[in-house]
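Chains as they are written, first to last, in the numbering used here: chain H, 1 to 384; chain U, 1001 to 1294; chain A, 2001 to 2269.
Just so you know, these hints were derived from the structure itself, not from any lab. Errors might be hidden in some of the hints.
[To be verified] Stretch-level coverage of chain H by chain A, calculated; a stretch enters the list once three of its residues show a Cβ under 8 Å from a Cβ in chain A:
| id | segment |
| --- | --- |
| 1 | 210-219 |
| 2 | 228-238 |
[To be verified] Far from chain H, by Cβ distances over 10 Å, these chain A residues were calculated:
| id | residue |
| --- | --- |
| 3 | Asp2009 |
| 4 | Arg2021 |
| 5 | Ser2031 |
| 6 | Phe2034 |
| 7 | Phe2037 |
| 8 | Leu2038 |
| 9 | Asp2046 |
| 10 | Gly2084 |
| 11 | Gly2101 |
| 12 | Gly2124 |
| 13 | Gly2126 |
| 14 | Glu2148 |
| 15 | Asp2222 |
| 16 | Val2224 |
| 17 | Ala2246 |
As the structure is a prediction and not an experimental result, all values here were calculated from the model. Note that beta-carbon positions come from the ideal geometry of N, C-alpha and C, so glycine has one too.
What follows is each chain in one-letter form.
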Amino acid sequence: MRGLLQGRMGTAAGFTLGAVLLLGVAPAVLPAFNLALLGKFLCFAIVAVGIGLAWGRGGMLTLGQGVFFGLGAYIMAMHMKLADASLFGGSGVPDFMSLYGSGVVPGWWEPFRSPAVTLLAVVLIPGLVALVLGLAVFKRRVKGAYFAILSQALAAAFAVFLVGQQATTGGSNGLSGFRSFFGFDLKDPNNKVMLYMIAATVLLLSLALARQLMHSRLGELLVAVRDQEERVRFLGYDPATIKTVIYVVAAVLAGIAGALFVPLVGIISPADVGVIPSIAFLIGVAIGGRATLLGPVLGAVGVAVAQAGLSSTFPSFWVYFQGLLFVLVIGFMPGGLASLPALVGRRRRTRSAASSPAAPARPAPVATSPDAEEKATVPEEARR
Amino acid sequence: MELLIGQMFAGLSLGSVLLLAALGLSLTFGQMGVINMAHGEVMMAGAYTAFVVQRAISDAGISLLVSIPAGFLVGGVLGLVLEAVLLRRMYHRPLDTLLVTFGVALILQQAARDIFGAPSVDVRAPDWLQGNIELLGAPIPLTRLFILGLSLVCLAGLVLLLKATPLGRRIRAVVLNRDLAETIGVSTRRSDQLTFFIGSGLAGVAGVAVTLIGSTSPYLGTNYIVDAFLVVVAGGIGQIKGAVIAAFSLGVLQSVFEYSTTASIGKVLILIVIVVFLQLRPQGIFSLKTRSLA
Amino acid sequence: MSTPILLPDGEPRAGGLRHGRPKYLEVRNLSVSFDGFLAVDNVSLDVIQGDLRFLIGPNGAGKTTVIDAITGLVPATGSVNHTGTEILGRKVHQTARLGVGRTFQTASVFENLSVLQNLDIAAGSGRGPLRLLRRRKTVDAAVEEALEIIGLEGAAAKKAGILAHGQKQWLEIGMLLVQNSDILLLDEPIAGMSQDERLETGELLRRIAASRITLVIEHDMDFVREFATSVTVLAAGKVLSEGSVAQVQADQKVQDVYLGSSGVEATDA
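If we strip away everything but chain H, and leave its shape as in the complex, we get (with noise of 0.2 Å):
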């Protein structure tokens, strides 16, 4: 896989066994309902994507992205319900409305009658809500777990907030019901397949830019960041700036994912966007290798794949399995499962010169180590 990945020949054909994979034989192959599970766990791996920007490469442990994936879902949403209304009930009021509320359409939600306004939204709202909270956070040298302290809150109060709107925002029960997506039928098996196609769509590209970002000299200076926020600001830089701009990538990565997910899903609700589902998105990135490219994305959909197995048969066994998945990854292997080729490699004494820069996994540190490699794959921040 490693070598395959290398240079640009490699990153090409990567992709397009990628894109092979994901676009022509997924289809082809599954049923449509495995399909759409797969288009789900897509979603989820989008946000894994941004979570292993700003947490892997940033350093910034963002147990938030519920958040942001809620925003954008939750914007579709709403669109998707106004636009239901006005197609088949012809009153373009949502059918929750009239059961819990007035039965009025509250003014918030008029923008978003308008595609446009709507597929805006999904990238702008999330992009500014983490543009305000990581300059507000950031440039006050908020960092490391306080950081990580309110981002989870965030969660939690957007949580309650949507609980305790029921009239406007179907409170705990969310929204659900759906029947168009932009005026596509989606009880049409060929829509839903195009649901995928997009999700799948989506996903490709955001890794191309995930990609572009950690080869970029911008990505080598969030490296920095992580690794040594002060020492950077000495060099003219302002480490806030950076966070900042990765955060926001990840905000928008996740609140796109999240209205791809409402389609696809066909329900969102606050239990999708709390603090625990904030926190599960973060497992499957680092079982992966949460610094990798790839890793948070094959996490993710492995968490997603052994969860949908589970968690159906066995509740309790999951909950089990994933908290022991919680200890065991982060304890004892916190670079994932794309640090195992290293220790491997470490443990047979075969130093080989350079890792791939592709993929530069942060080793776990192990007891052999040495001391100066122990230290440096301990981020500054988590040495304070």
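Based on the hints, put chains U and A in the right spot on chain H.
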């Protein structure tokens, strides 16, 4: 007016629960750089301890008095185990401890669901805590008064321990400068374990306390952990004085916001207040001043 | 190698350049207080471009704090003027952009990045967003020159984390060079180096200082005697003495302060 006083008091008792929960978080974070997401589940364990004790001793009064030390012990031992098995190898990776302990939290929650069932259970308050007293015309529930008193007693005990005993001095030395404390012969292992024991024990007591004002469910920890963390952040990590001020301010603010708006908007307002506050004091109310490069 | 950009020929001299309009660092009444403790107490000093100034003094004299204050790391009162521009009271990165560079007591480089990446980042604070978003394809001429100066051409692709201690310090000096600062503040650049490395570093410092404003904190008096063109002595946060090495060594106040302190023999000769 009476309503406002009632709300203020509700805020103070919420604040005292948050304080009990936050003290342990703040201590372990300050001393070891461990962010314990399972701290809420330690609280939950304390609450279920009260439930179990009451099933064994039917008299609500005696069971409460037994539950408090029992909750402390259960919480403390849980913390000790967590420290010994997992966290001591991760002292220099605070962000990772957050995720690892989240995993532990998931496991403990599910265990509670499997043992006690998902629906919430109730613990009866003793007769002598039923009813209200009048304060400036406002009825103050005795349970809330009891919780306030309990947390103040715990706080006093902790402060006494930290300031007046050699053990406390060692703990404070480790908080200030771990490496230096080690080089002058402080056994950081011992004081780490002790801090964890005490901090988690206080969370256990907090769990017992909340059974007096609400029912106990596997989600109890989740409900309090985020707020307890906000107390730590606003108060300044490792700062007891800061935690006290932050806990009571947050409790009162939350009650007042919820009273004047709705519960959900209140939560959002609290978060905004904290983010704005951190603009003014990014390190919290109090912060350690050390002369380090970064 | 094409025409050198980083290191034009020349030698530093006491009092700095005597021709043209040299740049200067003018510190006036600089004070830093930590909770009421005056770590730096009313310090004034001038360094002219072309001078190689050493800042010496016993432990706790406030040497590093002076540099921290100049670079904006700790809040300070007074004035720090860089050739007509007030630089005190700005944020660290803004101060850096005004041409102030520094190194640290413990070499701090980006250990997970390669030597080349380290230098490239140091050279690039002026890059616009579009250049930042693109991949690094060519090596800046200054970076190439710096690699040669610090003798790490062969290690350009190595991770900085696996360099030897002395190499890390050299890399940091290289970063300082490509940063293209007018004012260079070096905090114990030779700590932990072998004798040969020290000599090489000293020679390098002299070449660097010939065209820049250079202030070096150092404890090793042999090193100071060999390479300094001028010296400022700091004690208990105050400037105790200033002048050539011989002058400060002859100063009775300096001898008093150093009396009994090991490692620094201010009275030999």
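Legend entry - Ascending list of hint numbers which this structure does not respect: Numbers 11, 12, 13 - these are the hints that the structure violates, sorted from lowest upward.
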